[in-house]
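Asker: Read top to bottom, the protein sequences are chains A and B.
First residue of the first sequence: 38, per the working numbering; consecutive thereafter.
First residue of the second sequence: 425, per the working numbering; consecutive thereafter.
Be aware that a few hints might be false.
As the list claims (entries may be wrong) - Derived lysine to aspartate or glutamate pairs resembling EDC-like cross-links, with alpha carbons at most 20 Å apart:
{"hint": "1", "chain 1": "B", "residue 1": "572", "chain 2": "A", "residue 2": "462"}
{"hint": "2", "chain 1": "A", "residue 1": "236", "chain 2": "B", "residue 2": "504"}
{"hint": "3", "chain 1": "B", "residue 1": "493", "chain 2": "A", "residue 2": "543"}
{"hint": "4", "chain 1": "B", "residue 1": "585", "chain 2": "A", "residue 2": "109"}
{"hint": "5", "chain 1": "B", "residue 1": "495", "chain 2": "A", "residue 2": "543"}
{"hint": "6", "chain 1": "B", "residue 1": "448", "chain 2": "A", "residue 2": "504"}
{"hint": "7", "chain 1": "B", "residue 1": "493", "chain 2": "A", "residue 2": "462"}
{"hint": "8", "chain 1": "B", "residue 1": "493", "chain 2": "A", "residue 2": "390"}
{"hint": "9", "chain 1": "B", "residue 1": "493", "chain 2": "A", "residue 2": "546"}
{"hint": "10", "chain 1": "B", "residue 1": "495", "chain 2": "A", "residue 2": "390"}
As the list claims (entries may be wrong) - Which chain B residues face chain A? A few, computed with CB under 8 Å, are given here:
{"hint": "11", "residue": "477"}
{"hint": "12", "residue": "534"}
{"hint": "13", "residue": "658"}
Worth flagging that the hints you see were computed from the coordinates, not collected in a lab.
Backbone N, C-alpha and C fix where the C-beta goes; we use that ideal spot for every residue, glycine too.
Residue strings, one per chain:
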Amino acid sequence: MTTTATTDTDMAHDDHGHHGPATGFKRWLFTTNHKDIGSMYLWFAFIMFLTGGSMAMVIRAELFQPGLQLIDPDFFNQMTTVHGLIMVFGAVMPAFTGLANWMIPMMIGAPDMALPRLNNWSFWILPFAFSILLMSFFLGGAPNFGWTFYAPLSTTYSNGSTAFFVFAVHIMGISSIMGAINVIVTIMNMRAPGMTYMKMPLFVWTFFITAYLLIAVMPILAGVVTMLLTDTYFGTSFFNAAGGGDPVLFQHIFWFFGHPEVYIMILPAFGIVSTTIPAFSRKKLFGYSSMVYATSSIAFLSFIVWAHHMFTTGMPLVGELFFMYCTMLIAVPTGVKVFNWMATMWRGSISFEVPMMFSIAFVILFTIGGFSGLMLAMAPVDFQYHDTYFVVAHFHYVLVTGSIFSIFAAAYYWLPKWTGYMFNETLAKTHFWCSLISVNLLFFPMHFLGLAGMPRRIPDYALQFADFNMWVSIGGFAFGLSQLIFLAVVIKCIRGGAPAPAKPWDGAEGLEWTVPSPAPYHTFATPPKID
Amino acid sequence: MKGRNLGWLLLGTLFSSAAWAESKYNLTQGVTDVSHEVYDLHMLVLYICTVIGVIVFGAIFWSMFFHRKSKGHVAATFHESTKVEILWTVIPIFILIAMAVPATKTLIDIENNENSDLTIQVTGSQWKWHYRYFDKDVEFYSVLSTPKEQWDNLSGTGAEKGENYLLEVDKQLVIPINKKVRFLITSDDVIHSWWVAAFAVKQDAVPGFINEAWTIVNEPGVYRGQCAELCGKDHGYMPIVVEALPEDEFDAWLEEQRLAAIAAAEAEKASLAAMMTMDELMELGEATYVTYCAACHQANGLGLPPTFPALKGSSVAVGDISEHINIVVNGMAGTGMQAFGKQLTLKELAAVVTYERNAWGNNTGDAVQTADVKAAAGM
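So that you can see chain A by itself, here it is in the shape it has in the complex (with noise of 0.2 Å):
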């Protein structure tokens, strides 16, 4: 196979030597190319990161201590909103979005995306959703209702950054839904001959259901933030009880929008380690077929468990107990994923490069927050844990130890691929240690401060919350400030380093490992054979 995939990137450089990458800017602005696209993406979600991540460092600053120090309360909001919306859309989702780009076409040896105009579309109009919401800032004051934007907070009692705060989301969702048809075109049409579906790389896999959750539920995002619109500016009343309407509806649309959001965020996760664990643990995943099935199944009940982030909003009991059940099931599918992810590293022949360090970190520290998910499923307790700092450890241990570690894992895993050269492996461990331990420093005291009876959003806190704070401050300067060095082990990759190997790790499995590093502009011109 490895010769064969050699012959035809050579033959796509003759055929396409007379239109390959432009120069300087117009190679970034008119690309079509998937490669150049993921990096962009990629790019843009680690400055959004860094962004994200400043915002919640100047949170954490005025936390540091109890009293206002820095910053006045309304400021301090409109930070935990747009870290929370940078994070969620401007981080994580285009990153994910990168990796896809970049692997999902050499992974079923594809030449590129089904959709190639469409994809250059969808990342370029992303910079300018963030410049809108970004602006807001210098105009008149940023969203200050929280990242979930509950009416009517948002709506008749919102500052005047609504509207910015809308069409940034429209555009971001375009972006996502646009991004999400192309995976999925690319997926079902375009995938070498041989390749089942059942043969596809789990990632592949992931990417393909999260794309379908994307499609579902974006459309949901976008009609909600336009009744909030409408709302706000032109008299209607959806959420507003005064007008025949409801606030609680509000979170119902929120939230049916927001839970498979969660998963959109996570199953991605699940493909990148149940690809880098066999990997380094030189044996097949475990159970293949069953976790396909139970991302499928996390995928369905993420659509019916949607309101257990509403039990204290006065549900009738019935439905607090339809909620509270569904929502136990997910830990199911979920456990199933641990399970065969623990079955694969047993007996396996293990070692622990940075890609296998992040990894087997997610899968500790993710089950952590599994549990704590699990905890905050069941509706009598829920109503000591809701709105504390509980569920802000928890649903940090899931997105940063958990999808944004996995991150890690598969930038380290295809680096060499992506730039051809080995990255700098003691500079690359640092960074995994560094980020470790200050993000348990981090988050794990905020368990502890949420237990204690500490409401999340506030700027100022009682006085028995003043030590776990102090502490979860330091960690969370020390992990900002530990991203840095993510960077500069890019950086170096990129301008040089040992050159790297077709197929670094030697446990690795896949097309992508089939052509050179770097990867050639054009890969797969010619569709490769899989038996």
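Put chain B on the given structure of chain A with help from the hints.
Answerer: Only chain B this time, still in chain A's reference frame:
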């Protein structure tokens, strides 16, 4: 020997529920039967998760130590087993059922709002709570009483913080022990959430809708909580304080409140005839402004536009007096401006309008009297 005993003692302390109960690392057990049930559920799930965690993480660490390449371990080739997959699908289902049964019981208990002895309406508004005792003619607002000097280090030096910093109010809710007290919870503006951890009660206050919750407190004492739903700028500054009293003391307190309410109504009437001097009006006005208005419109009258407009030189504060009074008394629909008519006395309303018309260089020279307020607002 001594060291080993200490070790066992520490270990024992770590795992005994009693020690966990009131530690600052864990959920409170609270003072109601429901809060105890909730605590037990919390501990049950925590222990189950801990056991599963020890097994799963144990297996992972075992592989990490013993099945590593550097030790020459050769990878096995197995990669699927339907038997094992079924096993680790079915066993968790049974564990979940074991958790769901007690959770369902507790939930049914929590949602049974029948047969209450006392009903209190709880109304949230930006950023205070209002309590009304049904059929008792007693109602009042409950506002944060921690002085600004303690929390605002931005503009001041930051005074020493008190013991109940940010968890203290000017007038606390008082309820009797051993009685089923029902709360009807709603809001005047955005969504708030009324939460007292010691009762395991957290219920959203939704504008235009009424939610129910109840509690039976077993022990007298003072219990503190906070608003739990983001409700705008001062979300962190609307605490809840509940004092639970033995029944006879509660009855005495309620009677005292009822008489005080009657006396206050009398005083309101009497104040209509009184004429206050400009100095009196400005002094009372400033005090009222700082407590009720400055959170939004700011002590310097500049507000926080565009959400909270400036009063300094504003068309309202230097314009038509009766329009100004009308806005203060009845609020402005569709904005954050509350109706202060039911929160303040006539005297305070007159004073605060006077203050707004003369402070920060507004200098209209208008002295507004209680009678003017009554006339302009049609109260």
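Asker: Less than 8 Å between beta-carbons is the criterion; does residue 658 of chain B satisfy it with respect to chain A?
Answerer: Cβ of residue 658 of chain B sits 6 Å from chain A, so the hint holds.
Asker: Sort out whether residue 109 of chain A lies within 20 Å of residue 585 of chain B, counting only the CA atoms.
Answerer: holds (18 Å)
Asker: For the pair supplied as a hint, residue 572 of chain B and residue 462 of chain A, is the alpha-carbon distance within the 20 Å limit?
Answerer: Given that 20 Å is the threshold and the Cα spacing comes to 52 Å, the pair is violated.
Asker: Holds or violated: residue 448 of chain B and residue 504 of chain A, Cα atoms, limit 20 Å.
Answerer: It holds: about 11 Å lies between the C-alpha atoms, which stays within 20 Å.
Asker: Mind checking the alpha carbons of residue 236 of chain A and residue 504 of chain B for me, to see if they're no more than 20 Å apart?
Answerer: Given pair residue 236 of chain A, residue 504 of chain B holds - Cα atoms ~15 Å apart, limit 20 Å.
Asker: Are the Cα atoms of residue 495 of chain B and residue 543 of chain A separated by 20 Å or less?
Answerer: Holds, because 17 Å separates the two Cα atoms, which is no more than 20 Å.
Asker: Against the 20 Å threshold, does the CA-CA distance of residue 493 of chain B and residue 462 of chain A hold or violate the hint?
Answerer: holds (18 Å)
Asker: Holds or violated: are the alpha carbons of residue 495 of chain B and residue 390 of chain A at most 20 Å from each other?
Answerer: holds (15 Å)
Asker: Report holds or violated for the interface hint on residue 477 of chain B, using the least CB-CB distance to chain A and a cut-off of 8 Å.
Answerer: holds (6 Å)
Asker: Does residue 534 of chain B pass the interface hint, meaning its C-beta sits closer than 8 Å to a C-beta of chain A?
Answerer: holds (6 Å)
Asker: Is it true that the CA of residue 493 of chain B sits at most 20 Å from the CA of residue 543 of chain A?
Answerer: Holds, because 12 Å separates the two Cα atoms, which is no more than 20 Å.
Asker: Please verify whether residue 493 of chain B and residue 546 of chain A have alpha carbons no more than 20 Å apart.
Answerer: holds (18 Å)
Hint check: a violation occurs at hint 1 only; the rest are consistent with the structure.
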